[in-house]
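*Asks:* Next come the chains, spelled out residue by residue.
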Amino acid sequence: MDFIFEPWPWFVGGPLIALSLVLYFYFGKNFGTSTDFETLCTIAGAGKVADYFKKDWKERDFGLMFAIGLVIGGIIASNFLIPDQTVNLNPKSVQELTEIGFANVANQYFPDEIFSNEAVFSFKGFLILVFSGLMIGFGTRYAGGCTSGHAITGLSSLQFPSLLAVIGFFIGGIIAAWFIIPTIF
Amino acid sequence: MKNIKFLLLGIFFAIVLSKSQAISWFRFYEMFRFQSFHMFGIIGSAIVISAIFMQLFKHGKIKDIHGNIITPKKKEKGYVRTIVGGTFFGLGWGISGACAGPIFVILGFKFLPALILLISALIGAFIYGLLSKKLPN
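First to last, the protein sequences are chains A and B.
Okay, so the first sequence: first residue is 1 according to this note's numbering, each after it adds one.
Okay, so the second sequence: first residue is 1 according to this note's numbering, each after it adds one.
Here chain A stands alone, though its shape is the one from the complex (with noise of 0.2 angstroms):
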């Protein structure tokens, strides 16, 4: 029982990750979690105003069925299946952090200065999300897919343009966390 408990290595996740993949195309769909953000931009309407949407959000219900999946399974793990969210980060990593003025650096998953309800409330905060966010929806769509999309099933499935895909997603994440994050904090 321990180990449901525990922090699972890499090589328990990794090989889970794609156990996940090989049932969802064995349910016959095509495994990718971006797809879902047009779905819900459909239920909500979008195909009043722009022709991009105007689908049958009912041909995709089964991508609405994992995203509501996963919303339980977080709420489960959270409560019930992570008693300490401590990650064992780099010592390089917490001490770059500390020195930007992260308290507590990875004793808990989420940073209190980006999710806690002090961070959320400020105007900073606030906008830090709403721009993640809006970078995030935007740039997969445009890119054709997300990190399950393209850097699992593509890359996996040998597409050339998902390699172009996750060239970006490093360009983006790495000018991120080299420049964005010590100048924002």
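No lab work stands behind these hints: they were computed from the structure.
Beta carbons: idealized from backbone N, C-alpha and C, even for Gly.
Just so you know, not all the hints are guaranteed correct.
Claimed, not checked - Below, computed lysine-lysine pairings styled on DSSO-like, alpha-carbon distance capped at 27 angstroms:
1) B:Lys-58 with B:Lys-5
2) B:Lys-134 with A:Lys-55
3) A:Lys-54 with B:Lys-73
4) B:Lys-58 with B:Lys-73
5) A:Lys-54 with B:Lys-2
Unchecked claim - Computed footprint of chain B on chain A, listed as stretches where at least three residues anywhere in the stretch have a Cβ under 8 angstroms from a Cβ of chain B:
6) 6-14
7) 39-53
8) 100-114
9) 130-144
Dock chain B against the given chain A, drawing on the hints supplied.
*Replies:* Frame of chain A, contents of chain B only:
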């Protein structure tokens, strides 16, 4: 409820991501600073194992539940859309530590910030939908 299996798979996937810390902001910071193998190990091993299954799919050794050959959707080609779109996505991912799937999972951990991320991501996807015909490929 033919879709209940997707609900269960979503729950399973969320637990895997949560338990292997693949939703932690700190893990992604560390990954983009190249200071840990953890996330590279997770994504890398997921890709390698998936690639083996992709070959089995391709040659029809494993068919889907309806008996059809499994073929992943072809991704749209284009240098600008993949690299520029990818870079935008990476910026959002790198700053917030959340990619598309984890946003839904984080709703179960940190509801309010994840909700703001999700609504903004939907607006971002909506803006893309408005502009999709005008953007370069």
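*Asks:* Hint by hint, note whether the structure agrees.
*Replies:* Taking the hints in turn, this is what the structure says about them:
1. For the proposed pair Lys-58 (chain B) and Lys-5 (chain B), the alpha carbon gap of about 23 angstroms is at most 27 angstroms, so the pair holds.
2. The straight-line distance between the Cα atoms of Lys-134 (chain B) and Lys-55 (chain A) is roughly 20 angstroms, inside the 27 angstroms bound, and the hint therefore holds.
3. As the CA atoms of Lys-54 (chain A) and Lys-73 (chain B) are separated by approximately 20 angstroms, the hinted pair is consistent with the 27 angstroms bound.
4. A hinted pair counts as satisfied when its Cα atoms are at most 27 angstroms apart, and Lys-58 (chain B) with Lys-73 (chain B) qualifies at roughly 12 angstroms.
5. Under the criterion of a C-alpha separation no larger than 27 angstroms, the hint pairing Lys-54 (chain A) with Lys-2 (chain B) is consistent with the structure, at around 24 angstroms.
6. With a cut-off of 8 angstroms between beta carbons, the stretch 6-14 of chain A has 8 residues touching chain B; three or more are needed, and the interface restraint holds.
7. Counting residues of the stretch 39-53 of chain A whose CB falls under 8 angstroms from any CB of chain B gives 8; the rule of at least 3 is met.
8. Against chain B, the stretch 100-114 of chain A contributes 6 residues with a C-beta closer than 8 angstroms to a partner C-beta. That satisfies the three-residue criterion, and the hint holds.
9. With 15 residues having a beta carbon nearer than 8 angstroms to a beta carbon of chain B, the stretch 130-144 of chain A meets the requirement of three or more and the stated coverage holds.
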